[in-house]
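Could you use the hints to bring the two separately framed chains together as a complex?
Sequence order for the protein chains is A and B. Residue numbering for the first sequence follows this note's numbering, starting at 1 and increasing by one per position. Residue numbering for the second sequence follows this note's numbering, starting at 1001 and increasing by one per position.
These are calculated hints, taken from the structure and not from any lab test. Misleading hints may appear alongside valid ones.
Beyond 12 Å from chain A on every Cβ pair, some chain B residues (computed) [claimed, not checked]: (1) Thr1049; (2) Gln1060; (3) Ala1220; (4) Met1236; (5) Asn1299; (6) Gly1300; (7) Gln1306; (8) Asn1308; (9) Gly1330; (10) Pro1374.
Cross-link-like lysine-lysine pairs, in silico, DSSO-like; alpha carbons within 30 Å at most [as the list claims (entries may be wrong)]: (11) B:Lys1411 - A:Lys41; (12) A:Lys41 - B:Lys1393; (13) B:Lys1228 - B:Lys1205; (14) A:Lys204 - B:Lys1411; (15) B:Lys1153 - B:Lys1045; (16) B:Lys1406 - A:Lys41; (17) B:Lys1352 - B:Lys1298; (18) A:Lys204 - B:Lys1393; (19) B:Lys1228 - A:Lys41; (20) A:Lys253 - A:Lys3; (21) B:Lys1339 - A:Lys41; (22) B:Lys1298 - A:Lys204; (23) A:Lys204 - B:Lys1242; (24) B:Lys1344 - A:Lys41; (25) B:Lys1344 - B:Lys1406; (26) B:Lys1242 - B:Lys1262; (27) B:Lys1298 - A:Lys41; (28) A:Lys41 - B:Lys1293; (29) B:Lys1097 - A:Lys204; (30) B:Lys1352 - A:Lys204; (31) B:Lys1262 - B:Lys1293; (32) B:Lys1390 - A:Lys41.
For glycine and all other residues, C-beta sits at the position ideal for the given N, C-alpha and C.
One letter stands for each residue in the lines below.
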Amino acid sequence: MIKIIKYVMADILRNKIIIAYTIFLLVIGMSVFNLEDNTTKGLLSLLNIVLIVVPLVCIIFSTIYVYNSAEFVELLVSQPLQRKHIWLSLFCGIALALVLAFFIGIGLPVLLYSFSATGIILVAVGLMLTVIFVAIAMLAAVKTRDKAKGIGIAVLLWLYFSLLFDGLILFILFQFSDYPLENFMLFLSTLNPVDIGRIFILLKMDVSALMGYTGAIFQNFFGTLPGMITATIVMLLWMVLPLYFSLRIFNRKDL
Amino acid sequence: MKFNRWIAILFMLAGTYTNCVNAASLLVGKSQQYKLIQQAINAAKAGDTILVSPGVYKEQTIVINKTIFLIGIQYPIIDGEHTYQIISIKANNVLVKGFKLMHSGTSSLIDIAGIKVYDAKNVVIEDNFLEDTFFGIFLQGATNCTIKNNNLKAYAKTDQQSANGIHCWKCDSLYIIGNTVTGHRDGIYFEFVTHSLIWRNRSFKNSRYGLHFMFSHNDAYIANIFQKNSAGVSVMFTHGVKMFNNVFEDNWGDGCYGIFLKEITDSHISGNTFLRNTTGIFFEGATRIVVEKNTFIKNGWAAKIQANSIQNTISNNNFLANSFDIATNGSLVENTFNKNYWDKYEGYDLNKDGFGDVPYHPVSMFSMIVAENPTTMILFRSFMATLFDKTEKILPSLTPENLVDKLPYMKPLRL
Chain A
1 MIKIIKYVMA DILRNKIIIA YTIFLLVIGM SVFNLEDNTT KGLLSLLNIV
51 LIVVPLVCII FSTIYVYNSA EFVELLVSQP LQRKHIWLSL FCGIALALVL
101 AFFIGIGLPV LLYSFSATGI ILVAVGLMLT VIFVAIAMLA AVKTRDKAKG
151 IGIAVLLWLY FSLLFDGLIL FILFQFSDYP LENFMLFLST LNPVDIGRIF
201 ILLKMDVSAL MGYTGAIFQN FFGTLPGMIT ATIVMLLWMV LPLYFSLRIF
251 NRKDL
Chain B
1001 MKFNRWIAIL FMLAGTYTNC VNAASLLVGK SQQYKLIQQA INAAKAGDTI
1051 LVSPGVYKEQ TIVINKTIFL IGIQYPIIDG EHTYQIISIK ANNVLVKGFK
1101 LMHSGTSSLI DIAGIKVYDA KNVVIEDNFL EDTFFGIFLQ GATNCTIKNN
1151 NLKAYAKTDQ QSANGIHCWK CDSLYIIGNT VTGHRDGIYF EFVTHSLIWR
1201 NRSFKNSRYG LHFMFSHNDA YIANIFQKNS AGVSVMFTHG VKMFNNVFED
1251 NWGDGCYGIF LKEITDSHIS GNTFLRNTTG IFFEGATRIV VEKNTFIKNG
1301 WAAKIQANSI QNTISNNNFL ANSFDIATNG SLVENTFNKN YWDKYEGYDL
1351 NKDGFGDVPY HPVSMFSMIV AENPTTMILF RSFMATLFDK TEKILPSLTP
1401 ENLVDKLPYM KPLRL
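In isolation and in its complexed conformation, chain B is listed as follows (with noise of 0.2 Å):
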């Protein structure tokens, strides 16, 4: 489905440019005839490709206001003298290509961004670099839009003084692909997006989400690489997202997830790797997502369920070297493990069926222990906390009795 969009977009961009032979094209630069971009966009009709030769540019903001075809050659500068919004688009059709976009303004006040996108509809901004922008690319009611092979670069102190990089604010049907973010307080920012797919993206050592999802729903994000965010990846009050193929990795601290899924309903966790993150995933009023064929790899905790997540069910996935794999905070479970590889599993498989035939329990005594009082952490892998481990396996009381994967795979998956 996804797919057929995307090559509709392809034929209709190559049916508008075949519908423009006779539009013009416009060459900007220190000895054409136009010396400044917004010059030759004034002076441009709807269709026409506007040329521009390698060179800096200090216009304040460019005003992108009909359907033109704005393309760098050899990467142009266009500077906003850490003033300026950088270039606005507000026609549809629009394309902008090949450019190098540097030092916007900063404001708390109103949202500066290196390229922002008005209410239009079919824009493809592609092959860029933004440095040292407030908001990188900015979507504001934009539909079926394309940010491509993009490459984005902040330099956040903090929360406050920095921006989102690729921010999408009530949109439709976008397409986010290849782009590489970091330094932004948020890699890429969802807000009301719906139908929108985001591909191959890297997004790194962002102030606080490496992407960050609120009341999106139905979008799916599929073979990105989220490491080093100093938050990981949120994702919030949503339902029908489909997280595919995606690596969560070095994700550290406190409060600091792969990925962290609040108030998220039917939604499809497959494929992903989790590596060295203090938490891979966090449940927290989750309802009905399905987790399967991901591997979890030397992670703090593989997973955190908090007891209001009901009705998940976690399948097919490989816990390999994790400290915890699972905790929770209650004793109430409403979810579904079933036919995982655990590595601490120490059970038998009399039958031969690939399955061990005693049930494991994924969460250890001592998590618990550690969920009601973190500094306890220190006597982990003692001799005492080792005695509680095996004390609890022969007598449960602590750890809630149902979370129990009945169906625990011999082998490792292979994935």
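With the rest of the complex left out, here is chain A (with noise of 0.2 Å):
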């Protein structure tokens, strides 16, 4: 198994995308923060990369990867290996290489110019979503065998994470704005992993602005221990379920 993510990774190191994702990273982080004089402004910036980049980067990529190594997997099922262990080695492969390249990108300009607990609790959240989007992206891709029609779903899930369930949230909020939807709220944001990791962040960065009687809710919630420990392992659970899904069906699909 470790020879295979061994393999992966090797691959897609030498992979000019990765390259070229992790310069242009590297580039925003350096610039964003040498440009400004204000650390704050700086990792606000970083926060629009780290919500909306670093998804969509994640989940194309990892698709895309998935169907072009269909030929590889298929040599690997014809030797005497786990399905199972060739998948999570896969997985294992692209996340690890995606980590890395989010670690050096952006990881190290906040650690050297802003390391503060918002800056750390940045790149934990760009780590973790970086391993949620590659799990969504293994589930996307196993499910359909057309390959355009797997990007096409990639790309709508990423829409939809990042864009649509904030439509629909805000859309909720104004229709049933007479009734007290703060704990309904909670609920609705642990359904999508931008939202939860944007949270995280905000309770650092805006925690005046949070203070506010809704923000306190989000804020007693979110910012007490158990509240974190929760919102982590919903977290590991985005991380983890698309995962398991994905598996099951390779295990049962006739390649």
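This is the structure:
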């Protein structure tokens, strides 16, 4: 299994796209802190990268990579190897490579220029979102045989998590504005990993604004240790569940 | 002016001392002539000095009804046994200095205080510790009094069971200087107090306001620190207040403001620092207020300006790292925003005059949405909220069009 991970990683790290991605993140990460004397503003710009660009790149790159390595997977399946191991190694290989790219690209500049609680949480959220979107991509890729359709689904999923879901929340909030929705919102936000990540960062970055009445409810939930643990478990579930379902499908799939 | 008056008081006090060359010093203590402070007061003539030795004195309420100087040596403790008011001052030109007053009674019927001044002039209360008192220092109908370097500490549990630290009612020309107040209901409370100065005090962790002004005209509060009060500072129904160089810090909560201005006119807010408050300044029915040279850092909202506030000028301020700069609740804006530095400004300066060439709109679309439906705060900084703000910048529709800074600074002001 480790051998396959090594192989996948070596393959990905040689990939021009992943190198370009790392350099892109690194350039942005460095320039954001060098152009602004205000590190809070720098972190704010990086927040948009972490919440929008990272999920997009992760989900699309992973989907395409899984489709492109279909022949390699077929070859491995013909060997005396468990399917479970093949699939998990593939996942680990992609996820590790992207995590490494993110850590070099965003993690290093943040730790160098803005080593604060907000900065560390931003990097942690970015790392978790990377793994989550790789897992979601694996599910999208294994579900459909057609490559074009698979990539389409991946893009749609990204659009859903980063834009449509929030639109839906806004719609609900205004339609049912006469009702106390705070706790329901707390539940709804756990249905979107991007939102959980964003709220985590907000609690550090905009804590003053969040201490208003509604915000105080989020602060009381996410700001306390049990809340933090719950939110982290939900994030972990977002990694494990898509992977688990994709694995089940892959195990039974007729390649 | 203020300084001159202060010197005048010193001379006046010095004058009283020299006039009373024949005045006696009465000693109070276990091994002294007088065992109780009240006995010494009863025996004293006007102008005498009473020196109190260290120890614990439990003598119900001490009433000072003649001009005396009551001075404690090494902070003797006067205990109110959770029942009594500790010192009542009912004469002019009294000095109370160097005591530790503890455990006054509490009552919702009468205002029990650590030290209470009844309709007196030129009283000086200086360098005392007050602990666990109901009202701390209570001035009623006092004129030209000085409250200086006292340390007040209470353990307020609810608003009903606690009272104000320094409470002034119907007074004139007070000097409240260098006091520390914590754990009371309102740190410093002014009602019908005029021409007074509040200078270099620290008021923190009080259960309501750090400073509370009502109907108190032409006062100044300068270089005070207000921290972590559960409702910040409130200035109401007043005109001619000068608020200079104060620090408002960590006032967190929905109804909690750095300064809450309600029905204020002709006042001046200058040189203050607002740090990490949920709302820096809240304007409600505020008129002709000049807000200049202040720094707003890391607040939720630097300022909320209700549409019923008119003719206010907000200029030469620094707005740094606030979640929202300005919020308002209507489209009518009768206030002037001019020459501020906004760190969210994205314009350019082609003619290099230091001012951005494009006007800055400090009210963002999303802050209008949040004002309408506070729960939407959960979507703050999401992709969609960013899109909203960007489109609103290109095609303004919801945000008030004339709430605009036409000359935003390109660089932060040095304040």
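> Which numbered hints are broken by the structure, listed smallest first?
Replying inline: Violated hints: 5, 6, 10, 15, 23, 29, 30; rest satisfied.
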